[in-house]
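Colleague: Now for the letters of each chain:
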Amino acid sequence: MMYLTHYRTAVADKAELLSDLFFPQKVHWFPESYSRVSTGMVYPPHKVAEKVLDPELVRSIRENPVGKTAFILAAGNSHFAGINPRSKKPTQLSYEFKLMPLTLTQVYAGRIAQSMGISDYIVTDATACASSMKVLMDAQTLIRMYGFKRVVVLSVEDAVSNAVLDFFGDAGASLTHKIELETGMLPSAFDSTNFGFYVGQGAVLAVFDDIARDEPKARVLGTYTASEACSNAMGQRDDGAGFTNAMVGALNIARTIRPSDVKIVKTHGTGTKSNNAAEKAALGGMFQDFVATSYKQKIGHTMGPSGLLETCLLINDIQNGFIPAIANRTSEDSTYLSSNALAPPGLIMSLAAGMGNVYSAAVLSMDV
Amino acid sequence: MDFLDLFNKVARFAKPAHSNFTPLDSAFTPFTETELDSMDMLIVAMYFSEIYGINDEDSKSLMPKTVAEMQELIDGFKTRDPKAIDEAMGFIK
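Just so you know, the protein sequences line up as chains A and B, in that order.
Position 253 of the first sequence, counted from 1, bears residue number 253 in my numbering, the numbering being contiguous throughout.
Position 21 of the second sequence, counted from 1, bears residue number 1021 in my numbering, the numbering being contiguous throughout.
Some hints could be false.
Said to hold, decoys possible - The calculated BS3-like cross-link candidates involving lysine-lysine, where the alpha carbons are at most 25 Å apart (straight line), are:
hint : chain 1 : residue 1 : chain 2 : residue 2
1    : B       : K1060     : A       : K98
2    : A       : K98       : B       : K1078
3    : B       : K1083     : B       : K1009
Said to hold, decoys possible - Examples of chain A residues lying across from chain B (beta carbon under 7 Å, computed):
hint : residue
4    : V37
5    : T39
6    : E50
7    : V58
8    : S115
9    : A343
10   : M355
Note that these hints are calculated values from the structure, not bench results.
Nothing here was measured: the structure is a model prediction, and the numbers come from that model.
All residues carry an ideal CB built from backbone N, CA and C; glycine is no exception.
Sequences and hints are given; from them, build the entire structure.
Modeller: So this is what it looks like as structure tokens:
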């Protein structure tokens, strides 16, 4: 068994237009994360991570060791690469690296783990936007197979950066200002037509334990990461095979759980055409009676942290008794929620996906 | 301006915000006996290069063992000389 003992989240609620980009678009961000970057000693993801590195929680981890402990930085990428290599002009997000080691995610992981007194196992994960959910499978394995007592996961990515915004704007995955003006559409998901997401900065720090300690927030019953047979390297078949493979794997790990026990789904929910089709097909084939939500319309797509960060937001909302609506839906819907709903009793299925053919799922229970 | 006070301010700034740092009470305490590791010291040195206008190449050669040594090395390379801690910290905030 694996328990979610503590979590801290950081999200930027309001979206702001960055007009000097190659593809001007709104982002959910912390503008202060770009202060001091010109000194070259601290970079935006470091400053976003500081928002969840609660000194009290860090001190508690350091001063109250529970035994063999792992630290995983789910970074979504191997390098905090805020510089856009094809940039022809500077933007308000431009800066120069001075201390390259601190842009390498594993070096940063070592530095944070050291501050927590963790030295048994320190690793970084780079499975794109599935990263923070994929590492739950690693945490599960470390606890079940390797005798770890605790796994600390920090997830942050250099999401609001020239490189990412240029890439997603060009690909038509993020909702550019041009498309927004032409269509009048805001970010949403699972409508007949959506135009993707705003990118967002965010971070999550989560502590997973092998036994119930300190009033755990949830039990992770099973988690799994899978891929799909696909004709392209990116993945995302319309029939949602990757999502299905991940969910079946998570349910198998959870053993006694049936699909009908799952009543709440936190979708990946990017609102791109391909994700709308794939995720809806997979969920429709797996469950009959459930409610589904997505957080990306409220906080932006935080990339690597999104899966675990949004799962923690959902746990918090369920503790407050409700499942939030998917913002900006264009039609009434009681499954892919267009209005807030009371949290039904039952298990949670949380999903994430990453470019490069990777899908992650976790089954959780709030009954601890 | 007391250089040891400035050093403690810069060192606190260089360490991750959530981590421990006990200010040094002597300019002659070896860094190896403090909570500052080699990465912290590299960052501290680069911050001081910003404060005193020392170019990047020269700043990488700064490898003092104590605060007193650091002050002496900086005096040999500096191109500006802030008079107050707030003024100095202004260069790195």
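Colleague: Looking at the structure, which of the earlier hints fail to hold?
Modeller: 4, 9 and 10
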